[in-house]
Amino acid sequence: MSKAETFRAHHFNDLEQQHSAAWIGMWVFLATEVMFFGGMFACYTVYRYWYAQAFGSASNHLDVWLGAINTVVLIGSSFTMALAVYNAETGRSKPLIYFLLLTIVLGLAFLGIKFFEYYTKFAEHLVPGSSFQYEGPLARQAEIFFSLYFAMTGMHAVHMIIGIGLLAALVLKARRGRFSALYHTPVELTGLYWHFVDIVWIFLFPLLYLLGRHL
Amino acid sequence: MSLPEIEHREHYLNINYGIRSWLLTTDHKRIAWLYLLSVTFFFFIGGLFATFVRLELMTPQGDLVQAETYNKLFTMHGVTMVFFFLIPGIPAVLGNFLVPMMIGARDLAFPRLNLASWYIFILGGAFTLTAAAAGGVDTGWTFYTPYSSIYSNTHVALTVVGVFITGFSSILTGLNFIVTIHKMRAPGMTWFRLPLFIWAHYATSIIFILGTPVIAITLVLVGLERIFRLGIFDPALGGDPVLFQHLFWFYSHPAVYIMVLPAMGVVSELIACFSRKRIFGYTVVAFASLAIAVIGFLVWGHHMFVSGQSVHAGMIFSLLSFLVAIPSAIKVFNWTATLYKGSVSYDAPMLYALGFIGLFTIGGLTGLFLATLGIDVHVHDTYFVVAHFHYIMVGGSVMGYLGGIHFWWPKMTGRTYPESWARLAALTIFIGFHLTFFPQFVLGYIGMPRRYHVYPPEFQVLNVMSTAGASILAVGYLLPLVYLIWSLRYGTVAGANPWGARGLEWQTPSPPPTENFDRTPVVTEGAYAYEKDPEEIYTFRKPAHV
Numbered sequence: 005m006s007k008a009e010t011f012r013a014h015h016f017n018d019l020e021q022q023h024s025a026a027w028i029g030m031w032v033f034l035a036t037e038v039m040f041f042g043g044m045f046a047c048y049t050v051y052r053y054w055y056a057q058a059f060g061s062a063s064n065h066l067d068v069w070l071g072a073i074n075t076v077v078l079i080g081s082s083f084t085m086a087l088a089v090y091n092a093e094t095g096r097s098k099p100l101i102y103f104l105l106l107t108i109v110l111g112l113a114f115l116g117i118k119f120f121e122y123y124t125k126f127a128e129h130l131v132p133g134s135s136f137q138y139e140g141p142l143a144r145q146a147e148i149f150f151s152l153y154f155a156m157t158g159m160h161a162v163h164m165i166i167g168i169g170l171l172a173a174l175v176l177k178a179r180r181g182r183f184s185a186l187y188h189t190p191v192e193l194t195g196l197y198w199h200f201v202d203i204v205w206i207f208l209f210p211l212l213y214l215l216g217r218h219l
Numbered sequence: 233m234s235l236p237e238i239e240h241r242e243h244y245l246n247i248n249y250g251i252r253s254w255l256l257t258t259d260h261k262r263i264a265w266l267y268l269l270s271v272t273f274f275f276f277i278g279g280l281f282a283t284f285v286r287l288e289l290m291t292p293q294g295d296l297v298q299a300e301t302y303n304k305l306f307t308m309h310g311v312t313m314v315f316f317f318l319i320p321g322i323p324a325v326l327g328n329f330l331v332p333m334m335i336g337a338r339d340l341a342f343p344r345l346n347l348a349s350w351y352i353f354i355l356g357g358a359f360t361l362t363a364a365a366a367g368g369v370d371t372g373w374t375f376y377t378p379y380s381s382i383y384s385n386t387h388v389a390l391t392v393v394g395v396f397i398t399g400f401s402s403i404l405t406g407l408n409f410i411v412t413i414h415k416m417r418a419p420g421m422t423w424f425r426l427p428l429f430i431w432a433h434y435a436t437s438i439i440f441i442l443g444t445p446v447i448a449i450t451l452v453l454v455g456l457e458r459i460f461r462l463g464i465f466d467p468a469l470g471g472d473p474v475l476f477q478h479l480f481w482f483y484s485h486p487a488v489y490i491m492v493l494p495a496m497g498v499v500s501e502l503i504a505c506f507s508r509k510r511i512f513g514y515t516v517v518a519f520a521s522l523a524i525a526v527i528g529f530l531v532w533g534h535h536m537f538v539s540g541q542s543v544h545a546g547m548i549f550s551l552l553s554f555l556v557a558i559p560s561a562i563k564v565f566n567w568t569a570t571l572y573k574g575s576v577s578y579d580a581p582m583l584y585a586l587g588f589i590g591l592f593t594i595g596g597l598t599g600l601f602l603a604t605l606g607i608d609v610h611v612h613d614t615y616f617v618v619a620h621f622h623y624i625m626v627g628g629s630v631m632g633y634l635g636g637i638h639f640w641w642p643k644m645t646g647r648t649y650p651e652s653w654a655r656l657a658a659l660t661i662f663i664g665f666h667l668t669f670f671p672q673f674v675l676g677y678i679g680m681p682r683r684y685h686v687y688p689p690e691f692q693v694l695n696v697m698s699t700a701g702a703s704i705l706a707v708g709y710l711l712p713l714v715y716l717i718w719s720l721r722y723g724t725v726a727g728a729n730p731w732g733a734r735g736l737e738w739q740t741p742s743p744p745p746t747e748n749f750d751r752t753p754v755v756t757e758g759a760y761a762y763e764k765d766p767e768e769i770y771t772f773r774k775p776a777h778v
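The listed protein sequences correspond, in order, to chains Y and C. Residue numbering for the first sequence follows the working numbering, starting at 5 and increasing by one per position. Residue numbering for the second sequence follows the working numbering, starting at 233 and increasing by one per position.
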């Protein structure tokens, strides 16, 4: 049995088939994720159209600098993830582990900043519900903005946490020498997932923080 | 008395024994059995709720249950049947068993994911059953806001969590099918040689992966609104309840096609086999499945003609709903044309297939009534709608499901079922079905609204007819449960291909070996080449990797 054979599951003919099946599977999964987030983006679009004034002024209550820093952090983490995939493809396990860990650190930094933002919203009574306080006649509409803000960024954060879990599992596997130039599909697929979660944020940041701030 | 023995040979059922070998299996055929047992369980639970609904409606007064209990009964009936029987039914049982076998693969692309999807299904079912046992839920299976998110005092959150979880089992099944059909086909099994069952499951999988995530996020938002008061749909918080309806039906209308497309796939196999002919217009039927999946995503607004949607939107949704009837009608015409000059035999699976065509046609045509704006305003939320969708879901999906179960039973178990009992059951179901649901068309047309436990006395005759029909239907459903279990032990040995069918799944022993085929099949002909011998269609060669 050749070395390639050890990675082949019994129901595939060869590694190529196995690899492209996994690859298609991940893209199909990402399609489901687009539809998952799409439901919330649809809600956002409807309410943004109806309550443009309130959404614009409510977005002033978000910290655009923290959001911008987080955007940079997340794009940086996509860069380190891409480097991890590159090192997996070339079979260099030391830098692979190094870049995976760096991606985890950046992901945690993002979450840390995000939860600090949540904390300040909590302190300012901007969390929807009975304790929500907002000046002006558009309070109800602004509350919807914050409902969507927490739902969308919260769901994004859940995806980040899952991603960090996947990365941690990859680190453990990489330390045991499970990946090589011949077989590194899990690293590639986790990379795809991570980039997807990154792209969701690229949409969230302008929609929630930037659009209509001048209103 | 000595029992008929299956030849002594290793196959997927006897390769190992014990509960662990089943609960930890990654064999798609065994997972199909896990699903078969689970969805059968949920089918009879859902049937139990329906029994109480029909019993209550025997009389105009609310003398069996109170209004609140009645609301819970029809809700739990809908939730159980839709999410835990009809949606997983054919794909997760027959699809799981047959998709790899029909295309000549050794398993689905992701066997562990397949097992995981069953556990997810069970977990979701456990939540929903817990909700039912704890007192139930009364929102209707549609969970309309703001009643579901704010006002209902029943176990909405628990039920919604159950449905949410179960959705992921659908998503994983659909993902697995798509990848498998793309990547795992045997040599020579080109796209246009695929059985129409596979095309139907491909189309269904597209709806699974693109529709299910939307209901998932919608239910999350309902849950957040209910638990944390995040106002998205509640008008008191500035939200829009109609937005919920849009998101809900964006999935739940295509979900109807999740229920009926696989049944259409089954019927295509049955009609071809029992007419001994190629399906008339194979390519058109294949593309009709895809067309139904695509157009099916664009018709959701026809559930909302009276929900305050704009007239223009209503007209466009009405038009699109008419359009989706075209590919469905094409299928009916092509099946009928296949029967023409075929050498037709009337074994039990064929009775179900013919029943499907008749019932689906009635269900589909009354769907056109409902797609017409003016008529819909008149019959909206009446028993006319209830009758219509039961003709599709029960008359269509359940007939297809039972036809498929009978047809592939010899392949799954290695034994045949008792034919005359099966024909009797098929006939009983057909008669019971009509008696149950045809009076409901009339009831709805003359104005009986759905979801009420009391009604004016003039509706009683038709309601008694419906309840009587439901009793016959119940007998019809219990019969297969008995004789199929009986056949596991006493059925005659089936052999590899008892129907003389041409599908690849019949070219391997019954029950099949764990890897489905001892040697790799090579396909040289499109599906349904009934004018040729199987030996001319398939050759077998040694697998490359041994």
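No lab work stands behind these hints, which were simulated from the structure alone. Beta carbons: idealized from backbone N, C-alpha and C, even for Gly. Heads up, some of the hints might be wrong.
Not the full set, but computed from the structure, chain Y residues with beta-carbon under 8 Å of chain C [unchecked claim]:
id, residue
1, S24
2, F154
3, A172
4, V175
Tell me the numbers of any earlier hints that the structure contravenes, in ascending order. Failing hints, ascending: 3, 4.
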